[in-house]
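> Take a look at the letters that make up each chain.
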Amino acid sequence: MSERSRAVAGQIGLLLFLATELMFFAGLLSAYWVLRNKMGLWPPPGQPRLPAGITGLNTTLFLLSGLTIYGAERAVKRGCHLCLMGWLGLTLLLGLFFLGLQGYEWLRLISFGLTTTHNIYGGLFYIVIGSHALHVVAALAVLLVVALQAVRGRYTVGHSGGLTLCRMYWTFVVLIWPLLYGVLYF
Amino acid sequence: MALRKYIFSVDHKIVGMQYLCTGLVMAFVGGYLAYVFRHQLAWPNEPVPLFGMVGPDQYNASVTMHGTIMVFWVAMPILLSGFGNYLLPLMIGAPDMAFPRLNMMSFWTFFLSTLLLMSSFLVPGGAASGGWTSYPPLAASPGLSGVEWGGHLWILAVALEFASMLMGGINFLTTTLTMRAPGMTLFRMPILVWMLNIASLVFMFSVGPLIAGAFMLLADRLFQTGFFLPQSGGDPLLFQHLFWFFGHPEVYVLLFPALGIIAEVMTVFARKPFFGYRPLIYASLIASVLSFLVWAHHQFISGMDPRLAAPFSITTIIISVPFAVAIFSYIATLWGGSIELKTPMIFALGMLAEFLVGGVTGIFNGSAAADIYLHDTYFVVAHFHYTLFPVTFLAGFAGIYFWYPKWFGRLMNETWGKIHAVLTIISFNVTFLPLFAIGLVGHQRRIFDPSLFDYLQPFQHLHVISTWGFIILFLSQIIFVVNFIASLCYGPIATRNPWSAATLEWLAPSPPGHGNFEEPPVVHRGPYDYSLPGLTGKDWKNQTEAV
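Taken in order, these protein sequences are the chains called A and B.
In case it helps, this note's numbering puts the first sequence at residues 2 to 187.
In case it helps, this note's numbering puts the second sequence at residues 24 to 570.
Do not take every clue at face value.
Stated by the list, open to error - Far from chain B by the CB rule (all over 10 angstroms, computed), these chain A residues: (1) Phe26; (2) Leu36; (3) Lys39; (4) Met40; (5) His82; (6) Leu94; (7) Leu100; (8) Leu108; (9) Ser112; (10) Val137; (11) Met169; (12) Pro179; (13) Tyr186.
Unchecked claim - Output of the computed footprint for chain A on chain B, the stretches with three or more beta carbons under 8 angstroms from beta carbons of chain A: (14) 182-195; (15) 233-239; (16) 461-470; (17) 538-544.
Since the hints were made in silico from the structure, they are not lab data.
Treat the numbers as computed from the prediction; the structure is a model and nothing was measured.
A virtual CB, placed ideally from N, CA and C, is assigned to each residue, including glycine.
Just need the whole structure built from these sequences, with the hints factored in.
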């Protein structure tokens with residue numbers, strides 16, 4: 002197989018995987034809607050409100066990281082190694098910041114008494130947002146591998162298949178987030 | 024070296040064989056469990072030879088694990104992963120899968136899931152016993168069933184199994200899209216290749232919601248979230264919806280490869296082109312879309328909104344139309360053919376006939392009015408065994424006898440093959456025909472001891488007949504195992520193309536070496552050019568022969 006057709010095969014395979022991921026989140030969200038409509042009062046009395054404001058800021062920054070990784074891919078096409086490293090580094094920082102702030106919010110929510118035991122409101126929050134957080138962790142791991150490859154100068158014009166796959170996965174993880182944010186935090 | 028070649032191999036043929044053999048071994052585990060509970064049903068509270076006394080807990084566990092193993096650890100790995108991995112690259116003229124390493128990872132994930140599942144028999148509390156559908160609240164609260172670790176392991180094993188099938192499905196679709204030989208257009212692909220791809224697509228789009236549901240079930244078990252427990256405000260019906268949104272398409276995931284296998288076998292042994300190749304493909308694509316719109320027909324008496332029953336009855340009856348198209352295509356393929364009753368052909372004909380019984384009885388279950396009476400009776404058990412047994416075993420055996428010479432370079436014994444085929448088909452009917460009758464008199468499923476119910480007493484002999492049928496069915500498989508193993512050493516040497524078949528896999532050596540073909544094939548014609556007029560000597564042309 003030529004490198005080009007290998008790259009195409011990789012992209013097709015990843016797209017199929019992302020379609021499955023989309024169905025996974027669709028399943029979670031449909032479960033969320035069913036249970037929320039069943040409960041009537043939402044959030045249930047005595048439960049903490051979710052931090053929509055600060056997470057909104059976090060969402061904006063996370064969406065930006067969807068653009069910065071695109072910048073990294075363009076930098077390879079222009080052949081600018083320094084720009085590539087810059088854009089990748091920025092994406093990593095934004096991703097880490099998103100994860101850090103989310104983790105901090107989780108700790109605060111737990112201290113406010115948002116637990117899972119016999120608590121569907123809390124359980125749904127942790128399972129939906131937690132599933133996404135696991136995806137962010139996976140995406141960050143992939144991004145780290147790609148960044149290490151980039152440091153070694155593995156990506157040149159026409160030879161950036163790995164970077165493109167990473168960009169596709171990262172974009173998916175970024176774009177699914179506003180949907181989850183919109184449904185769960187309001 | 025041998026370790027790299029046969030155990031941790033990335034070659035699609037080895038991976039396919041690993042799946043097939045694991046599936047066959049698991050079939051005996053599933054069959055043994057069936058023997059345990061069938062013995063209990065026929066002769067309640069008598070000790071089961073080779074097992075001992077069956078308690079209610081062991082009965083529940085063996086029924087649950089029988090269903091789980093037969094669907095997820097036998098039917099899926101044999102039909103989709105076994106045949107698919109071995110044959111798909113060969114049939115489209117590719118040297119290997121698009122992602123060989125992912126392929127190896129897929130098998131080892133599957134193997135790990137098998138170990139997890141089998142280990143659940145050994146943990147305290149025993150294996151999962153909430154039914155193969157794992158319905159909450161029973162499956163969501165270990166306190167209710169007394170099964171703690173068995174239930175956790177069940178969910179983990181099933182999730183891992185899905186992950187491995189997902190890797191396989193991505194591989195099938197990508198390989199088909201990117202690695203076809205020159206000239207192999209989509210409508211020149213053998214039907215099996217189409218069917219494997221349609222099955223993979225259906226699997227991939229349906230499995231996500233079930234994984235979501237399984238996560239939530241695990242959270243209920245481990246963190247007491249109560250998603251599916253009414254006392255916490257949860258909804259047990261929600262799990263049923265998530266499960267059957269996957270569970271119903273899943274039956275087509277199993278059916279499509281089986282239809283593909285018998286299409287390959289029937290065209291060769293009827294010496295005819297497939298009748299209605301394109302209509303069959305279109306019908307299958309339509310059925311695969313419809314398969315996402317029928318799931319709630321499993322829940323007519325679950326307490327869901329009764330207004331949903333009518334639309335789901337209608338979609339269920341509509342989905343029988345494309346499958347009727349398929350069945351008619353197969354019958355028309357046989358019509359006027361020069362039929363040769365070799366072992367694979369007997370199994371393929373058996374599959375078609377028996378599956379028809381399963382399909383027709385499905386209409387009864389699919390109409391809400393009839394299902395209110397039939398639901399959760401042995402009628403349903405008989406119905407789905409009449410669909411899944413032909414799909415898994417009759418089509419599976421047809422495929423094994425058919426491609427055995429390609430896999431191992433030797434033919435299986437024909438006489439013993441025929442005896443195996445006839446015994447299997449007859450004893451299968453003896454096992455499951457009585458269950459229709461027993462269900463119609465109102466015998467519920469999942470009853471540990473039928474002798475406790477007075478109204479079932481006059482029908483106890485049907486359980487006895489069914490169990491004897493099953494014992495013969497199970498013992499007949501010894502013939503297969505002996506034939507399979509003995510033919511490895513003593514079978515007649517097979518040529519490259521012992522059946523005079525026209526598809527690409529028969530061009531490769533038997534067994535094919537690494538890389539499959541000596542020279543990359545170029546395709547010039549469709550897959551089923553049999554009984555061509557004006558030919559002397561042979562009546563067919565391989566796909567690579569010029570028009």
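> Are all C-beta atoms of chain B more than 10 angstroms from that of Leu108(A)?
holds, 17 angstroms
> Quick check: the region 233-239 of chain B, covered by chain A? Criterion 3+ residues, Cβ under 8 angstroms.
holds (count 6)
> Was Leu36(A) rightly flagged as not at the interface, with every chain B Cβ beyond 10 angstroms?
violated, 6 angstroms
> When you look at the beta carbon of Leu100(A), is every beta carbon of chain B farther off than 10 angstroms?
Given a closest Cβ separation of 20 angstroms, the condition holds.
> A cut-off of 10 angstroms on Cβ-Cβ distance, and Lys39(A) was said to be off the interface with chain B. Does that hold?
violated, 6 angstroms
> A cut-off of 10 angstroms on Cβ-Cβ distance, and Leu94(A) was said to be off the interface with chain B. Does that hold?
holds, 30 angstroms
> For Ser112(A), is the shortest beta carbon distance to chain B beyond 10 angstroms?
holds, 18 angstroms
> Minimum C-beta separation from Pro179(A) to chain B exceeding 10 angstroms: can you confirm that?
Pro179(A) is indeed farther than 10 angstroms from all Cβ atoms of chain B, at 19 angstroms.
> Confirm or reject: Met169(A) is not an interface residue toward chain B, with every Cβ-Cβ distance exceeding 10 angstroms.
holds, 14 angstroms
> Taking 8 angstroms as the C-beta cutoff, is the stated coverage of the region 182-195 of chain B by chain A satisfied by three or more residues?
It holds: at least three residues are needed, and the region 182-195 of chain B offers 4 whose Cβ sits within less than 8 angstroms of chain A.
> Is it correct that the beta-carbon of His82(A) has no partner in chain B closer than or equal to 10 angstroms?
Non-interface label on His82(A) holds, nearest chain B Cβ at 29 angstroms vs cutoff 10 angstroms.
> Taking 10 angstroms as the cut and beta carbons as the points, is Met40(A) off the interface with chain B?
The claim is violated: Met40(A) sits with its nearest Cβ about 6 angstroms from chain B, within 10 angstroms.
When the structure is compared with the earlier hints, violations turn up for hints 1, 2, 3, 4, 16, 17 and for no others.
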